[in-house]
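Peer 1: Chains as they are written, first to last, in this note's numbering: chain A, 13 to 262; chain B, 12 to 465.
A couple of the hints might just be wrong.
Unchecked claim - Some chain B residues near chain A, calculated using beta-carbon distances under 8 Å:
hint, residue
1, A84
2, E409
3, F412
4, G418
5, E423
Simulated from the structure, these hints should not be mistaken for laboratory data. Ideal Cβ positions, reconstructed from N, Cα and C, are used throughout, including at glycine.
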Amino acid sequence: MIEIRNLHATVDGKEILKGIDLTIGPGEVHAIMGPNGSGKSTLSYVLAGRDGYEVTKGSVSFYGEDLLAMEPEERAAAGLFLAFQYPVEIPGVANMTFLKSALNAMRKHRGEGDLDAMQFLKLVREKTRSLNMTDEMLKRAVNVGFSGGEKKRNETLQMAVLEPKFAILDETDSGLDIDALKIVADGVNALRSPERSMLVITHYQRLLNYIVPDHVHVLAHGRIQRSGGKELALELEQKGYKDFGVEEAA
Amino acid sequence: MATTHSTPTGDTAAARPYLDQIDRLKGELPGAALSRVRELRRDGRERFAALGVPTVRQEAWKYTSLRPLEKVAFEPATAAAAAGTHIDVLPTVRPAGQTGPRLVFVNGRLRADLSSTDGLPDGVVLTGLADALSSHADFVGERLGRLANADEHPLVALNTAVLADGPVLHIPRGVVLDDPIELVFVSAAADGRATVFHPRTLIVADPLSKAVVIEHHVGPGGAPTFANHTAEVFVGEGATLRHYKVQREQTDAFHVSHAAATVCRDACYDNFILTSGARLSRNEVHAVLDGTGASCHVSGAYLVTGEQHCDTTTLIDHARPYGTSREVYKGAIDERARAVFQGKIIVRPGAQKTDGHQLNRALLLSDTAEIDSKPELEIYADDVKCSHGATAGELDDEALFYLRSRGIPKEEARGLLIASFLAEAIDEIPEEPVRDAFAAIATGWLAARRGGAR
Ligand SMILES: Nc1ncnc2c1ncn2[C@@H]1O[C@H](COP(=O)(O)OP(=O)(O)OP(=O)(O)O)[C@@H](O)[C@H]1O
Ligand SMILES: [Mg+2]
Numbered sequence: 013m014i015e016i017r018n019l020h021a022t023v024d025g026k027e028i029l030k031g032i033d034l035t036i037g038p039g040e041v042h043a044i045m046g047p048n049g050s051g052k053s054t055l056s057y058v059l060a061g062r063d064g065y066e067v068t069k070g071s072v073s074f075y076g077e078d079l080l081a082m083e084p085e086e087r088a089a090a091g092l093f094l095a096f097q098y099p100v101e102i103p104g105v106a107n108m109t110f111l112k113s114a115l116n117a118m119r120k121h122r123g124e125g126d127l128d129a130m131q132f133l134k135l136v137r138e139k140t141r142s143l144n145m146t147d148e149m150l151k152r153a154v155n156v157g158f159s160g161g162e163k164k165r166n167e168t169l170q171m172a173v174l175e176p177k178f179a180i181l182d183e184t185d186s187g188l189d190i191d192a193l194k195i196v197a198d199g200v201n202a203l204r205s206p207e208r209s210m211l212v213i214t215h216y217q218r219l220l221n222y223i224v225p226d227h228v229h230v231l232a233h234g235r236i237q238r239s240g241g242k243e244l245a246l247e248l249e250q251k252g253y254k255d256f257g258v259e260e261a262a
Numbered sequence: 012m013a014t015t016h017s018t019p020t021g022d023t024a025a026a027r028p029y030l031d032q033i034d035r036l037k038g039e040l041p042g043a044a045l046s047r048v049r050e051l052r053r054d055g056r057e058r059f060a061a062l063g064v065p066t067v068r069q070e071a072w073k074y075t076s077l078r079p080l081e082k083v084a085f086e087p088a089t090a091a092a093a094a095g096t097h098i099d100v101l102p103t104v105r106p107a108g109q110t111g112p113r114l115v116f117v118n119g120r121l122r123a124d125l126s127s128t129d130g131l132p133d134g135v136v137l138t139g140l141a142d143a144l145s146s147h148a149d150f151v152g153e154r155l156g157r158l159a160n161a162d163e164h165p166l167v168a169l170n171t172a173v174l175a176d177g178p179v180l181h182i183p184r185g186v187v188l189d190d191p192i193e194l195v196f197v198s199a200a201a202d203g204r205a206t207v208f209h210p211r212t213l214i215v216a217d218p219l220s221k222a223v224v225i226e227h228h229v230g231p232g233g234a235p236t237f238a239n240h241t242a243e244v245f246v247g248e249g250a251t252l253r254h255y256k257v258q259r260e261q262t263d264a265f266h267v268s269h270a271a272a273t274v275c276r277d278a279c280y281d282n283f284i285l286t287s288g289a290r291l292s293r294n295e296v297h298a299v300l301d302g303t304g305a306s307c308h309v310s311g312a313y314l315v316t317g318e319q320h321c322d323t324t325t326l327i328d329h330a331r332p333y334g335t336s337r338e339v340y341k342g343a344i345d346e347r348a349r350a351v352f353q354g355k356i357i358v359r360p361g362a363q364k365t366d367g368h369q370l371n372r373a374l375l376l377s378d379t380a381e382i383d384s385k386p387e388l389e390i391y392a393d394d395v396k397c398s399h400g401a402t403a404g405e406l407d408d409e410a411l412f413y414l415r416s417r418g419i420p421k422e423e424a425r426g427l428l429i430a431s432f433l434a435e436a437i438d439e440i441p442e443e444p445v446r447d448a449f450a451a452i453a454t455g456w457l458a459a460r461r462g463g464a465r
């Protein structure tokens with residue numbers, strides 16, 4: 013269970029989150045929609061523990077623990093995963109090395125031993141294939157020279173390998189072609205389970221046809237303005253955000 | 012100031028203790044029967060007395076002060092101490108259990124009992140200079156002191172004044188050595204006494220020969236040591252010499268090294284230095300591309316922390332046309348450590364079609380880490396391609412957060428990023444076992460730094 017209470021956060025002294033309240037139960041999928049600049053990525057960074065995002069008020073309880081007191085790697089070890097809106101390129105670090113370091117760090121945290129090279133390769137091959145990725149992408153440096161869609165697939169691969177308890181997908185659908193969208197959605201759905209919850213940030217109702225949410229929230233001006241069922245996404249698709257004090261895009 | 016001379020001399024008073032040592036050692040040095048060697052030593056002493064110990068007032072030593080040397084009363088290394096020093100494990104890049112040609116020097120003196128020259132092809136000479144001064148007197152007499160310039164470099168002059176022992180390697184024409192030759196230098200302060208020594212290296216690769224030489228510099232620590240190396244390297248026409256070095260002495264060691272190489276027509280000289288040791292180190296590499304189509308590849312990586320000071324000074328002298336040179340240095344500097352990079356490329360008149368490339372990138376891992384970079388191009392030919400670049404930066408915060416967000420602990424994530432940064436230099440080494448061994452040393456350094464957080 014993830015409980016976000018009255019969360020306020022500033023970036024460079026500017027208040028972006030102005031009191032977020034959100035409770036996500038085990039196995040639930042919540043979608044957040046909202047206009048550009050409304051604070052969706054800010055919320056994901058705050059939850060993942062990025063430097064420079066200062067929480068000024070409120071709390072986040074993650075399965076009973078104080079999430080905000082943890083280092084980013086501790087949050088990951090506790091089961092939080094953020095699929096970045098803009099995945100970071102890391103020259104010189106092979107994607108494979110990166111995945112292995114990440115998986116072994118998590119296993120270590122859970123008191124399990126390192127996977128040996130063969131076991132690891134087998135696991136990654138399986139996941140790579142199901143996401144329609146090539147082995148060649150594993151040898152390349154992390155995200156370097158990857159197309160927008162390839163980066164998003166790489167995020168999904170990491171999630172599939174790390175098997176988090178709570179995944180935040182920040183616009184994982186943006187930049188994906190129609191086929192890739194299905195593949196990634198299948199990858200996400202394969203992870204759905206009664207224990208695993210998700211927060212899906214998207215601009216497009218289309219994604220929610222594949223990953224069907226239990227709840228949809230509208231985030232605008234740093235707050236959740238409205239919550240509803242999956243039909244809310246359809247309504248937003250038709251009406252836009254003008255009901256929430258946002259000018260329609262020209 | 013008494014004078015406004017454009018090249019101020021060094022500190023002649025600081026030279027005094029060394030001059031006394033030279034005079035005391037004189038009677039004990041090998042090869043005294045060879046007039047050429049006697050002359051070299053005499054001239055070396057004279058030049059050192061005149062030049063003095065370098066100071067920061069001199070352009071070449073602007074960023075590296077040898078003042079800390081003055082605070083230590085160094086005694087010259089003795090043969091008895093070198094012979095009596097117990098050595099447990101010798102460093103190697105070979106797989107466990109595998110042996111190969113190797114010379115071991117303790118405080119600059121050959122330890123034949125730890126060395127092996129088995130299996131070398133006929134005609135190859137691999138021995139200590141003290142031995143070669145009698146066994147190959149003409150050969151070494153003709154070549155010593157031809158490349159390392161004692162007139163301009165005070166520490167080369169000092170080394171020359173007492174040259175006595177060190178590796179001598181001669182690869183005859185057309186001989187290809189499949190096995191790398193390892194040279195192990197152990198700096199050991201006997202009985203806890205601060206010790207100074209001046210090893211002299213001579214490598215002669217005759218035309219069309221090929222060899223790989225790997226130097227390991229280590230020391231058990233305990234008391235300060237001062238190793239003042241001079242190396243002379245001849246790379247004959249069409250020969251390939253790959254010369255690698257890793258310096259991992261303890262942090263109470265001083266390590267100064269001057270390697271002078273001449274690269275003949277169509278020959279190739281590779282030099283790579285990995286530095287993680289010594290309190291103060293200076294690696295000076297001078298390569299003269301003295302034949303058409305000669306090439307050299309002079310690179311390195313330096314990893315320093317604490318109070319370490321590490322100076323890399325290179326001079327690539329393109330004296331003939333169609334030469335290529337490539338330099339890639341990368342450094343990781345932590346805590347209060349300081350690194351210096353001075354890289355000069357000269358293209359002489361007539362050295363047309365020269366292709367020279369130089370890069371030094373430093374990664375500053377703390378607010379108090381420092382780098383001084385001074386690249387210099389001196390070009391006297393018009394049809395050349397030369398580039399240089401120097402950068403200093405910090406670890407990428409965004410990349411660090413990305414790694415941590417995947418559960419990789421902060422220090423390990425930093426280690427991954429630093430290792431990938433250094434890899435760009437280490438990947439310049441074409442010999443796989445050496446490359447892997449050096450990468451492993453860098454990884455070990457990363458794991459050990461700041462108390463071993465992995
Ligand atoms: N370093 C910063 N300094 C000042 N403002 C910032 C900084 N970083 C982000 N912001 C602002 O915070 C607001 C929220 O940004 P955020 O990235 O969370 O929006 P978003 O809802 O994810 O938008 P999008 O749909 O475009 O991805 C924006 O107005 C943005 O300009
Ligand atoms: Mg966003």
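Peer 1: If a hint holds in the structure, say so; if it does not, say that too.
Peer 2: So, going through the hints one by one against the coordinates:
Violation of the interface hint for A84 (chain B) is found here, the shortest Cβ-Cβ separation to chain A being roughly 45 Å, above the 8 Å cut-off. With a least beta-carbon distance of about 5 Å to chain A, the hint placing E409 (chain B) at the interface is held under the 8 Å criterion. Satisfaction of the interface hint for F412 (chain B) is found here, the shortest Cβ-Cβ separation to chain A being roughly 5 Å, below the 8 Å cut-off. With 8 Å as the threshold, the beta carbon of G418 (chain B) comes within range of chain A, its nearest partner Cβ sitting at about 4 Å, so the hint holds.
Annotation: E423 (chain B) was flagged as interfacial toward chain A, and the flag holds, the nearest CB pair being 7 Å apart, inside 8 Å.
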